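Engineer: Residue-level listing of the chains:
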Amino acid sequence: MANKATAQPLSVKFLATSFLMFWLVLAAFPFIWTLWGSIKVEGDFFSKANWANALFGGMTHTETGGSFTGDGYYGAFVEEEFWRAALNSFIVCFFVVTISLTFGTLGGYALSRSTHRYAFWFLLFALIFRAMPPITLVSGYLLPFYEYNLWGKLSTTIIVLVAINQPFTLWMLHAFFKNIPKDLDESAMVDGCTRFQAFRHVIIPVMWPGVITTGLFSFLLAYNDFAVTSMLLSKDNQTMVPKLASFLGTTQTKGNVMFAVAAVVSITAPLFVMVMVFQRQIVSGLTAGAVKG
Amino acid sequence: MKHSTFFWFVLPSAFLMLLFIALPVASVVTQSLYTAHEQVLVTVENCGPFGCKPVTSIDQEATQALNADKPLGKWAGLDIYKDRNHLAFSEVASAWVNVDGLPDFGKTLLNLPFYKAMAFTLTYTFVVTPLTIIFGFFIAVAVNSVAKALKGPTIFLTLLPFIVTPLVGSLILFWMVDARGILGTGLQWLTNNPDLSVKASTPLMWIMLMVYGIWHAAPFAFVVFYAGLQTVNSESLEAAMIDGANRWERIRYVVIPHLFPLVTFVALIQLMDNFRVFEPIVSFSAQAHATSLSYAIFNDLGGETRLLSSAAATSVLTIIGIAILLSPVLIRTYRDFSKPS
Chain A
5 MANKATAQPL
15 SVKFLATSFL
25 MFWLVLAAFP
35 FIWTLWGSIK
45 VEGDFFSKAN
55 WANALFGGMT
65 HTETGGSFTG
75 DGYYGAFVEE
85 EFWRAALNSF
95 IVCFFVVTIS
105 LTFGTLGGYA
115 LSRSTHRYAF
125 WFLLFALIFR
135 AMPPITLVSG
145 YLLPFYEYNL
155 WGKLSTTIIV
165 LVAINQPFTL
175 WMLHAFFKNI
185 PKDLDESAMV
195 DGCTRFQAFR
205 HVIIPVMWPG
215 VITTGLFSFL
225 LAYNDFAVTS
235 MLLSKDNQTM
245 VPKLASFLGT
255 TQTKGNVMFA
265 VAAVVSITAP
275 LFVMVMVFQR
285 QIVSGLTAGA
295 VKG
Chain B
28 MKHSTFFWFV
38 LPSAFLMLLF
48 IALPVASVVT
58 QSLYTAHEQV
68 LVTVENCGPF
78 GCKPVTSIDQ
88 EATQALNADK
98 PLGKWAGLDI
108 YKDRNHLAFS
118 EVASAWVNVD
128 GLPDFGKTLL
138 NLPFYKAMAF
148 TLTYTFVVTP
158 LTIIFGFFIA
168 VAVNSVAKAL
178 KGPTIFLTLL
188 PFIVTPLVGS
198 LILFWMVDAR
208 GILGTGLQWL
218 TNNPDLSVKA
228 STPLMWIMLM
238 VYGIWHAAPF
248 AFVVFYAGLQ
258 TVNSESLEAA
268 MIDGANRWER
278 IRYVVIPHLF
288 PLVTFVALIQ
298 LMDNFRVFEP
308 IVSFSAQAHA
318 TSLSYAIFND
328 LGGETRLLSS
338 AAATSVLTII
348 GIAILLSPVL
358 IRTYRDFSKP
368 S
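Taken in order, these protein sequences are the chains called A and B. Mapping of the first sequence onto the working numbering: position 141 corresponds to residue 145, and the numbering continues sequentially without gaps. Mapping of the second sequence onto the working numbering: position 50 corresponds to residue 77, and the numbering continues sequentially without gaps.
One or more of the hints may lead you astray.
To be verified - Lysine to any residue pairs mimicking SDA-like chemistry, simulated, CA-CA at most 20 Å apart: (1) 182(A) - 119(A); (2) 157(A) - 91(A); (3) 17(A) - 182(B); (4) 17(A) - 180(B); (5) 17(A) - 273(B); (6) 226(B) - 91(A); (7) 178(B) - 249(A).
Calculated from the structure, these hints are not laboratory results. The structure presented is a predicted model; accordingly, all values stated were derived computationally and were not measured.
Bound-form chain B, shown alone:
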């Protein structure tokens, strides 16, 4: 394809991505280096019947003018990254000196908003991703063995948790584990503890969020593995059997190696999606027990005072995080492409 034809064909996509993805990233980085203006204060002599007093008040007009003049705020350098809500350098340094032992240090870190969000995001990503793959694999194997007529309905039901809106899916589960819902009551009965409430307990909340994550993503892994199973070469299976491999060995040495490239694919997509975990925290109103990086940004942006700079700094840190997470994959893709094939 000629350069100029290629250019015209990709122009609309490239333009949109440049304008609404690349540029905002630049804008986020810039924003994170600025901080909101302080309010302009004026001191006036306030004279009453008992003499004159100097009174300090906010000059609304001047503040507004300043904000309109420089909407980004004032230059702050890396200060926002260093403050308590982000990397919290001084708090971490003082904790390092003052606490006794590593567990205590960890506890102090988890009280800082950014590290708390980071801890949950990483735990979620690295627990949910492998479990999704394993669970999806087993569903695929099970569906593969049902009668042909039942396959359609089975796949339909299996797809539901994946297709449904994340906010809605997590809300449905949340209502069921509510202390007055069917699963919540069931849990109370099982543990014989009438006061048990998922809402009130941090470990239970973490577990529920991860259960939701697996419930939501397992169908995706299932579909990919199921398609992979259709292409397993039955001749190699037979050959393995003739060579004396039992059922488990056939799965271990024929089926799993065949599916392995798919595992990398599912893992890649899952790492990206789990790292942005966000909606379930909104639905579960879990912010007191678990926050994620995405939720922290959402929280800064919402509400009365939009903390743009704080949200921007968290966004930059999140993007750096995802870049580190995906760097092995990107390097491999690059190598695969560079190899003469």
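Isolated chain A, as found in the complex:
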């Protein structure tokens, strides 16, 4: 940056760097600490005697003979069948993302191309729906779901999550489609395509960056959800997050808090990989609504 207006004197640079260091420690240290602690025994993770035990694993050494132990992971995945929850999470996320994107691209495309007033009202209502806490809707689901015997099934939860996801998906894809020039599909229609053919052959090939970004956020919403999944899934069908919450209730008394620690690490790991691979898309997605208005 040779630009004089953006050049910084040393004091400002020092201040900015130290603040950034402080923030990075704040942001990353808890994860490193928990990852490290997850391969220790509980006596080290929560050490009454000496906090440095957690670093060097004094208790782990006396209890298991080694410096590390996979007991937490074994207990969570094998004894408490966390693998089943992981599988359920995968199924839920896969279908939520696929269905959300299919419905969302159709709707978002129409909303970006329509100049009528009702398109605006549609988006405004979607914004209102986006603002409602999901848990307020859950109390409306329970009774009808019991009545029609829909409660507890993965498929019900998938549809509910897709619906809760729709307002956000529509807004985001609407913003992306607005940036694809109208002339593109309109010239296809002049050449004799119907609206759907124009969408199919002209828009779909160029929409992937926006769709991938939106898909990432749909995935996050489904993966991170606790309010809906914890209330609508039966015990066998639980996904990872409600399963983790159930560890907190039952196993903390049994002294198996390490199961929960192992589960926490297992839930976080895929997210880490996702951020690593898709960092650009996440950043562009977060700013899409904001910068372009």
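Position chain B against the provided structure of chain A, taking the given hints into account.
Structural biologist: Just chain B now, with coordinates in the frame of chain A:
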């Protein structure tokens, strides 16, 4: 676009939102006007060797039949809204008459579940939202000034608290501030008080929840502001410098006005998300010290007896709350759209 094409394109989304968002809202409103049936009681003569006594017992069959017949319960009107667990009209009225002074009145209000949840939710929303914006802005400015090669890793680390599952993120922090965790021990050492425990203290619990809120949301504000900083016009910065503006004045009069529309955007999203604060209270097991509206609903719905009507009434009140909170934004969006542009 033709009306009919538009209709077919948005039909799947519209149908889902109608069925699973609009209809449940209607269902919640209806449910909140009903209350659970009382159990059907029968009195029978119970004759033993010492004579006959009338015994009252629950008629399980009749109760079940009644529940199956009218699953909503019996009509209650606005009674649920008025009861002690919600707006508590009679308790508030008697408190107003009986207490001495406003602080005492406030204390009485905070003992009522709904007002307690409301107080925390609003405090959380209005403390966390501005602090997130300020903190996110500073991170954006700091990241903007690091060397190009370091930007990728810096942004990666910064995104982590935002991307991680809220229940998981708050749990990680909670374990660290546990009296036996590293931060908890650190706090005890700093304050020189070996009995200090975040779990046991209401003010500390509130502070921790808000610290978590800022930690979780600051990366979002950061990303938005960081993108905004990339589009600051360097010519206006130079022009300001030639006109004699110092560093702070350049930030104040060029950068901040440029970012201002983004502040409204972040504030809008943050208001919506902070108002629904829920997962950290579950993770921190903070319900004794702090509850939120969402947590109150969750609490009613969970457990052995599902208090559907009570949860529904709280839900309606929450939706009204968020509507009031967002009304300025909605009105502005509407005006912007109506303006001929």
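Engineer: Please verify whether residue 182(A) and residue 119(A) have alpha carbons no more than 20 Å apart.
Structural biologist: With a Cα-Cα distance of about 12 Å, the restraint between residue 182(A) and residue 119(A) holds, given a limit of 20 Å.
Engineer: Quickly compare the C-alpha distance for residue 226(B) and residue 91(A) to 20 Å and report which way the hint goes.
Structural biologist: 34 Å, violated
Engineer: Measure nothing beyond the straight line between the CA atoms of residue 157(A) and residue 91(A); if it is 20 Å or shorter, mark the hint as holding.
Structural biologist: 14 Å, holds
Engineer: Between residue 178(B) and residue 249(A), does the CA-CA distance stay at or below 20 Å?
Structural biologist: 36 Å, violated
Engineer: Quick one, are residue 17(A) and residue 180(B) close enough, alpha carbons at most 20 Å?
Structural biologist: 19 Å, holds
Engineer: Given the hint that residue 17(A) pairs with residue 182(B), test it: the Cα-Cα distance must not exceed 20 Å.
Structural biologist: This hinted pair holds, its Cα atoms lying about 18 Å apart.
Engineer: For the pair supplied as a hint, residue 17(A) and residue 273(B), confirm whether the alpha-carbon distance does not exceed 20 Å.
Structural biologist: With Cα atoms ~16 Å apart, residue 17(A) and residue 273(B) stay inside 20 Å; holds.
In this structure, the hints that do not hold are numbers 6, 7, in rising order.
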